[in-house]
Amino acid sequence: MLRYFLQRLLWSVPTVLLVAVSVFALIRLIPGDPALLILGDRATPETLDALRQQLGLDQGLTVQFIAWLGHALRGDLGHSILTGEPILPLIFDRFQVSFAVVLPTVALAGLLAVPLGTIAAWKQGSATDIVTVAGATLLLSIPTFWMGLLILLLFGMRLGWFPIVGYVSISDDWLAGLVYLVMPISTLVVHEVGGIARMARASTLEVLRLDYVTHARAKGLSEARVLLHHVFRNAFGPTWTLLGLILGNLLGGIAIVETIFTIPGLGRLLVEAIFARDYPVIQGCLLCISLFYVAVNLLIDFVYPVFDPRVAVS
Amino acid sequence: MTALLEIRGLVIESRNSAAPLVRSCNLSVNRGEVVGIVGESGSGKTMVAKSILGLLPPGVSQIAGSITLDGKDMAGLSLRELRSIRGGTVGMIFQEPMTSLNPSMTIGHQLEEGLRLHRRYSRDERRSRVIDMLARVGIRDAEAALDRHPHQFSGGMRQRIMIASVMLLEPALLIADEPTTALDALIQKDVLDLMIGLAREKNTAILFVSHDLAMISRYTQQTIVMAQGEIVESGRTAEVMTRPEHPYTRKLLASVPRRITVPGRSPERPIIEMEGLAVDYRNPDRSFWKPVSRRIVENIDLSIYPGEVVALVGESGSGKTTVGRAAVGLLRSVAGRVLFEGKPIKRNGDNYASYRRNCQMVFQDPYSSLDPRMTIGALVAEPLRMTGAMTSAEKRERVLAMLNEVNLTGDFANRFPHQLSGGQRQRVAIARALIGTPKFIVADEPVSALDVTVRAQVLELFNRLQQRHHFACLFISHDLDVVEAVADRVVVMRAGELVESGTTEAVFSRPRHEYTCRLLNARIRRESVEA
Amino acid sequence: MKLRFNLLAGGSVMAIVAIAALTALVWTPHDPLALSFTTRLKPPGSAFPFGTDEFGRDLLSRLMAGAGPSLGISLLAVLTALTIGITLGVVSGYWRGWPDRLLMMVTDALMAFPGILLALGLLAILGAHMRGIVLALGLAFAPAVARIMRGTVISVREREFVDASRLMGNSELFTLARHVLPNCLAPIIVLATSMMGWALLAESALSFLGLGLAPPAPTWGNMLSASRTFLSQAPWLGIFPGLAISLTLLAMNLLGDGLRDLLDPRMRGL
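Residue numbers (the numbering used here), protein chains in the order written: chain A, 10 to 323; chain B, 43 to 573; chain C, 380 to 649.
Don't take every hint at face value.
SDA-like, lysine to any residue: derived pairs with alpha carbons at most 25 Å apart [stated by the list, open to error]: (1) A:Lys132 with B:Arg567; (2) A:Lys132 with B:Glu55; (3) B:Lys437 with C:Ser550; (4) A:Lys132 with B:Ser120.
For the record, the hints were derived by calculation from the structure and aren't laboratory data.
Work out the full structure: start from the sequences and follow the hints.
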């Protein structure tokens with residue numbers, strides 16, 4: 010078991026390195042001279058050279074990479090070209106905002122969808138099952154940006170239950186901040202519930218076919234006990250993995266929801282940086298989001314043996 | 043004295059098939075008695091067993107008949123009463139040790155579950171009973187086993203744990219559905235002996251469901267023969283085995299054909315020789331922790347002469363499939379060499395084309411050896427691609443002739459593999475292997491996946507073809523009965539090495555190596571029968 | 380029976396959308412690009428079945444005109460992903476060895492980025508025009524295709540009929556083409572249909588964020604984005620483009636499900 014943990018941990022090191030290299034390469038691949046883009050009309054050969062030297066662009070790529078990596082490890086991700094702010098604290102602030110949306114979304118969607126999917130599989134073919142599957146497919150087909158607009162329209166504009174613009178952080182004012190989060194979280198939850206329910210249902214169906222479920226019944230155990238201890242625990246693994254994937258993906262795609270509900274989160278930061286060609290910020294965002302994703306997957310892997318001890322042995 | 047279990051007029055139907063799965067089944071089991079239900083796949087025997095505890099799969103239901111346990115009609119029981127009978131009065135053991143234990147629960151926890159439900163013991167008493175039972179079924183270090191998970195045990199061990207789990211509750215009736223089919227030959231007998239022994243101790247009756255006649259004949263007092271949902275014959279085991287009345291029973295019991303060994307062959311050059319062969323398994327997912335390669339077979343010296351059938355016998359994991367594949371050129375060796383007609387085989391050597399044409403293989407799994415996207419005709423004709431110019435008309439003729447030889451009519455040529463039964467597919471595989479008139483064939487467990495009666499047919503066909511075409515054959519099998527039916531010589535393998543070889547008669551009646559003795563002893567034989 | 384419904388429903392909706400897109404190449408009820416101040420922000424009515432936007436342009440015509448680019452980009456992106464992914468997956472799964480390990484490392488790294496993020500990053504490099512978007516989406520999906528293809532090839536190649544083919548003297552290439560690949564098609568077909576859905580969604584999302592095709596060219600995504608300014612006055616501007624995307628997505632999902640069910644029992648019979 011210990012070996013499994015160490016193996017996973019050690020394997021994430023090259024992954025993290027590869028992520029860093031990829032992010033760095035991605036930015037360097039962008040056509041155009043960063044110095045020229047920054048200076049624009051004010052560029053003269055002297056100022057260009059000076060800026061290049063300042064940004065370290067005159068040195069070899071490997072050196073630049075190591076320098077950048079070195080700075081990153083020390084917590085210095087550079088400064089935004091647009092605003093001049095230091096990047097890491099900026100990302101950190103924005104991350105908190107996005108996280109306040111993403112984590113409750115995944116938790117809520119999971120709590121709703123997993124029992125739904127499991128019971129649909131348990132009663133396969135019944136009305137519950139058919140409605141669940143149809144509902145899930147339907148929900149999956151509604152893009153988040155449309156759902157967001159509809160929710161904004163109905164609950165924000167027409168009914169006026171929730172504020173349409175503005176934002177208050179929950180770390181400042183707990184209750185007021187929550188009000189701003191209701192609509193974006195609901196938007197995302199509605200969409201994710203479909204996918205999670207389908208996965209829960211599919212993996213439960215797989216497990217129900219297996220002998221040990223019949224064996225548990227043959228021992229005389231009650232249906233509830235069979236469902237909980239024998240079926241659910243073994244079926245949950247793939248859904249658990251999916252939850253981790255969703256957490257990571259949401260953080261990546263949250264720009265949309267943040268745009269609709271005007272929330273100052275990480276996704277919007279990234280998109281604005283792409284428009285403004287603010288490369289250091291783009292780099293920093295990509296790096297942080299990916300690292301977070303790697304960390305989440307690691308956590309998922311660590312907990313997985315609880316549901317399927319077989320993965321802990323090679 | 044009333045019987046423990048009485049089944050009258052049982053009819054079981056399935057949503058997915060027009061014909062009923064079980065038609066009007068009547069049987070009874072007395073206290074402490076061992077009753078066997080024998081039949082092939084599709085006979086309905088498993089459904090009968092499952093219906094007793096109301097564990098029929100979704101879509102399948104009992105539509106008529108009564109099941110009475112200890113005088114009480116099972117149909118009239120509430121769910122609660124049924125659950126108290128399940129496990130408490132009637133226990134059930136399943137076939138697949140790999141999937142019958144919950145992989146995410148510890149052994150201790152799973153075994154205690156039943157005890158906690160059906161008996162009032164203190165926690166310590168439960169624990170000590172579980173440990174005692176685990177020790178009784180042969181699990182070493184029973185106390186440590188409590189905290190382990192199923193995947194940490196082998197198949198045979200898991201089946202013993204299952205037996206422990208069920209017998210802990212000292213049920214009055216044990217239903218055993220093919221309990222040892224998925225286990226290795228050497229282990230089967232031990233596990234069965236354990237099961238029967240324990241049952242005798244606790245005066246537990248057994249309803250033993252199996253396709254293996256030999257097992258049924260050895261362990262049961264009453265035998266019921268089922269075919270296609272009906273009971274075709276039943277009675278005391280000794281009677282049914284020695285004086286079968288129904289033609290189906292006779293077919294099941296019919297002796298497997300004996301091989302007529304060609305006496306004394308001339309000392310020709312062997313067609314295939316393996317000298318000092320060693321093969322490694324190279325792990326495709328290499329990493330720091332996993333070893334790069336593992337030796338599977340070592341020191342293989344084997345010669346096969348034209349026209350002779352040599353059987354390669356061993357348990358799973360002995361490496362016999364590897365030897366077969368190496369003989370036919372599908373694997374490369376890390377040491378030693380293979381000679382074809384006296385000359386070593388080299389990838390681009392001059393005898394390579396001839397070697398390819400003349401060495402073919404019949405694989406074990408009839409469901410995976412035929413490309414599902416090709417018609418039977420195309421499949422059997424494919425080897426002819428390499429044998430020089432033949433017009434399509436000539437090819438078609440050859441294919442039809444070959445299909446005829448394996449007792450398949452010409453219209454089979456236009457069908458697809460999924461439309462054929464296992465036995466038919468295996469015959470297609472044989473036809474494909476023989477169409478190029480090879481001099482040497484490796485048959486890798488060709489009948490293991492087939493039903494008993496079909497097995498006899500295919501073996502008979504094999505013998506006939508071998509005698510007509512005189513090909514040499516390396517026949518791989520773990521089943522000694524099959525080996526006795528087809529082989530001239532026998533070679534025994536264990537853990538990657540050859541341990542004994544000799545003529546069939548010599549090895550079977552005068553085994554020299556200790557492992558061969560064990561294999562022969564583990565063989566469950568039935569009393570020989572006049573058909 | 381359920382399977383028929385899936386295929387039928389999914390297929391017919393897709394057909395309608397495709398027909399609308401093709402029709403739009405030659406005819407739409409009104410000119411999708413014509414500006415007119417007299418017909419601004421009109422609610423759905425007889426002249427304009429879906430209403431008009433702030434520039435007086437007919438929504439229905441714009442939806443039809445936008446179907447082409449949206450579907451077209453999705454289709455091209457999926458084809459790109461399939462081409463790259465299948466090739467890499469086959470090489471990796473059939474020959475194993477170092478190409479396989481290299482591919483696994485690269486896909487691990489690429490899959491360490493959440494989906495949309497990778498597309499965003501690639502877009503930043505390639506630029507937000509037709510070719511860039513197709514490539515960005517194609518490259519973002521290719522790792523998943525490669526992995527699935529690799530898995531399928533590995534399991535098919537273990538089947539005994541592959542060995543039988545080699546035994547007959549067929550070359551490795553022939554065995555691959557004649558026996559392995561045709562049996563790997565089924566999961567890919569199902570994946571391709573699902574991917575069309577993801578690609579459409581991704582393309583719309585990117586357009587919504589302003590990273591897709593620039594206005595005035597209509598895509599469903601940027602129409603939705605533009606609707607935000609006038610959402611409370613003219614809700615139809617937000618409802619219909621979203622409806623179009625959702626229905627098409629639903630159709631693709633149903634088709635994918637139906638195809639999977641259709642191909643599954645046949646695969647299981649093998």
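So, going through the hints one by one against the coordinates:
{"no.": "1", "hint": "A:Lys132 with B:Arg567", "result": "46 Å, violated"}
{"no.": "2", "hint": "A:Lys132 with B:Glu55", "result": "21 Å, holds"}
{"no.": "3", "hint": "B:Lys437 with C:Ser550", "result": "21 Å, holds"}
{"no.": "4", "hint": "A:Lys132 with B:Ser120", "result": "21 Å, holds"}
Taken one by one, the earlier hints fail for this structure only at number 1.
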